[in-house]
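Visitor: With the hints as a guide, dock the two chains, each given alone in a separate frame, to form the complex.
These protein sequence lines are chains A and B, in that order. First residue of the first sequence? That's 3 in the working numbering, and the numbers climb one at a time after it. First residue of the second sequence? That's 298 in the working numbering, and the numbers climb one at a time after it.
Bear in mind the hints are in silico, worked out from the structure with no lab data behind them. The beta carbon of each residue, even a glycine, is placed where N, CA and C say it ideally should be. Be careful, since some hints might not be right.
As the list claims (entries may be wrong) - Only pairs whose alpha carbons sit at most 30 Å apart, straight line, appear in this in silico DSBU-like list of lysine-lysine:
{"no.": "1", "chain 1": "A", "residue 1": "Lys53", "chain 2": "A", "residue 2": "Lys86"}
{"no.": "2", "chain 1": "B", "residue 1": "Lys342", "chain 2": "A", "residue 2": "Lys53"}
{"no.": "3", "chain 1": "B", "residue 1": "Lys456", "chain 2": "A", "residue 2": "Lys86"}
To be verified - Stretches of chain A that chain B covers, calculated by requiring three or more beta carbons in the stretch to come under 8 Å of a beta carbon on chain B:
{"no.": "4", "stretch": "9-16"}
{"no.": "5", "stretch": "34-48"}
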Amino acid sequence: MLLIHCPCCGVERPEIEFRYGGEAHIARPMQPADLDDHQWAEFLYMRTNPKGVMAERWRHVHGCGRFFNALRDTVSDRFIAVYKTGEPRPDSATASGEGAR
Amino acid sequence: MPDVLFHTPAETLALSPLVGAGTSLRRAALLVRFVFRGDAAAAAKVGAAFGVALPQSPLASERTGERAALWQGPDEWLLLARPAMDGPQAVDALARSLAGEIAAALGETPHSLVDVSERHVALLLEGPGAADLLNAHVFLDLDPAAFPVGMVTRTLFTKAEIVLWRTSEQNFAIECWSSFAPYVEGHLAEA
Numbered sequence: 003m004l005l006i007h008c009p010c011c012g013v014e015r016p017e018i019e020f021r022y023g024g025e026a027h028i029a030r031p032m033q034p035a036d037l038d039d040h041q042w043a044e045f046l047y048m049r050t051n052p053k054g055v056m057a058e059r060w061r062h063v064h065g066c067g068r069f070f071n072a073l074r075d076t077v078s079d080r081f082i083a084v085y086k087t088g089e090p091r092p093d094s095a096t097a098s099g100e101g102a103r
Numbered sequence: 298m299p300d301v302l303f304h305t306p307a308e309t310l311a312l313s314p315l316v317g318a319g320t321s322l323r324r325a326a327l328l329v330r331f332v333f334r335g336d337a338a339a340a341a342k343v344g345a346a347f348g349v350a351l352p353q354s355p356l357a358s359e360r361t362g363e364r365a366a367l368w369q370g371p372d373e374w375l376l377l378a379r380p381a382m383d384g385p386q387a388v389d390a391l392a393r394s395l396a397g398e399i400a401a402a403l404g405e406t407p408h409s410l411v412d413v414s415e416r417h418v419a420l421l422l423e424g425p426g427a428a429d430l431l432n433a434h435v436f437l438d439l440d441p442a443a444f445p446v447g448m449v450t451r452t453l454f455t456k457a458e459i460v461l462w463r464t465s466e467q468n469f470a471i472e473c474w475s476s477f478a479p480y481v482e483g484h485l486a487e488a
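Bound conformation, chain B alone (with noise of 0.2 Å):
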């Protein structure tokens, strides 16, 4: 099924045999991303100006279409949006756009944004083999009924710190560092 926020012209990463059919790994495109820091009061102010609810909830995301906000701390959010066009121009006009309207909107409250847009590369781990495969390198109980979609959490994936997200049952969304990317795709292409 194709993600309205994720979208990956780019090619499909390679896994072991062993995996089985079904299950891939690429890397999406480029997207807009702001690390958001702040009370509840500024919190909502944002949800409204970005169009999703910034949740209040631990682990918890919220998304309307192309748009995305997930928990990271309990003052802590990233804020995840989809340009209408491919490439690093319109990430960067959507980026200038979507700040300016969010500082407008919080007017004088007491806040941190921050553009984080091209420190992270999204990974979408998706099919019936997901779940174990990730569970190679990450700590967490993948169970559905410990982990269910839309839970999203920062943990850690051997030594790299990533953004852990379950999209859907079988998908997952992996925000990692830019930098720790082929660490990722190399630790999951051998597990």
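Extracted from the complex, chain A is given alone in its bound form (with noise of 0.2 Å):
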């Protein structure tokens, strides 16, 4: 089973303890309205898929019940670094692995 390390409470923790939430780093247009179908289609809808190293939303449903990020490399499946909401994404070159096992 996954483990996957949780920033709010400390610990690794089964991974059906969690759901995905989608990419993340996607901030939301401050004036929605002025955005045309294109643009508003654009921002709910369009995603980098990346192969490779990606930065996605985790919540801790089953525990603390917190959003965080994480940065999963999606080939390996492998979890590289962990960070708390509103933190900057980390360097995942630099990043540790601490997130992963």
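Guide: Set out below in structure tokens:
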């Protein structure tokens, strides 16, 4: 079973306690009414879907209940780093693999 | 050892004969329960009004006698209090008075305080086989080194969400939704 480190609880927990929350760092437009349909669709639906390291939101839904962000390799399913919401994305090259096991 | 917070007038629930003597499962009597959410400043005021400091470190619990505060999240706590007498009326009365006292202490401080007394039941799993029995359905390391006495966490019991609290080396309190209790009890009985 995949163990995921929760930055709020400070412990590793089994994957089933967590819920995936989609790609991280997608800012909602400040004035949605100013956007045309194409730009709004871009915000709502378009994701990078990379093969490799991706910044994602996860929620420790059956634990502390908080959202946090994680860098995960979509090829190996390895968690490279976890960080709290609001913190900047760590550099994936220098991240230590703290959130992985 | 009798617990001053939890007490059990009800009967002991059946466990598999394979579990061995000395391990028991009981359903605790009614308790007053609140879910409190707010920042550290609000938590300090609630701690003073409630009589138990709200723990700030993750997965920690605090208790004094018949009351306890359990960490649930960075700004979320589960407060437990045992009424002086048994019965729904006593629970209701204490819940009302506590809610009033806490609200008065908080004043205008932003917070959320929800009475969940009847949402949960507490199951007491006690004895030398308790950790092994739980591990049939809980995917956590329950070794005392990894899950020390006083540690409390929300987790999954197979498909049911529970609050697991280690009250002593061999004793666990399982707070689960009352509608999930037969499911949890049934799985423990068959584990």
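Visitor: Each hint needs a verdict: does it hold in this structure or not?
Guide: Checked hints:
Distance restraint check for lysine 53 (chain A) and lysine 86 (chain A): the Cα-Cα separation of roughly 23 Å lies within the 30 Å cut-off, and the hinted pair is therefore satisfied. Between lysine 342 (chain B) and lysine 53 (chain A) the CA atoms are separated by roughly 49 Å; this puts the pair beyond 30 Å, and the hint is violated. For a cut-off of 30 Å, the pair hint linking lysine 456 (chain B) to lysine 86 (chain A) stands: about 27 Å separates their Cα positions. Proximity of the stretch 9-16 of chain A to chain B, defined as three or more residues with a beta carbon under 8 Å from a beta carbon of that chain, is established by the 6 residues found.
A count of 0 residues in the stretch 34-48 of chain A with a Cβ less than 8 Å from any Cβ of chain B is obtained; the coverage claim is therefore unmet, three being the minimum.
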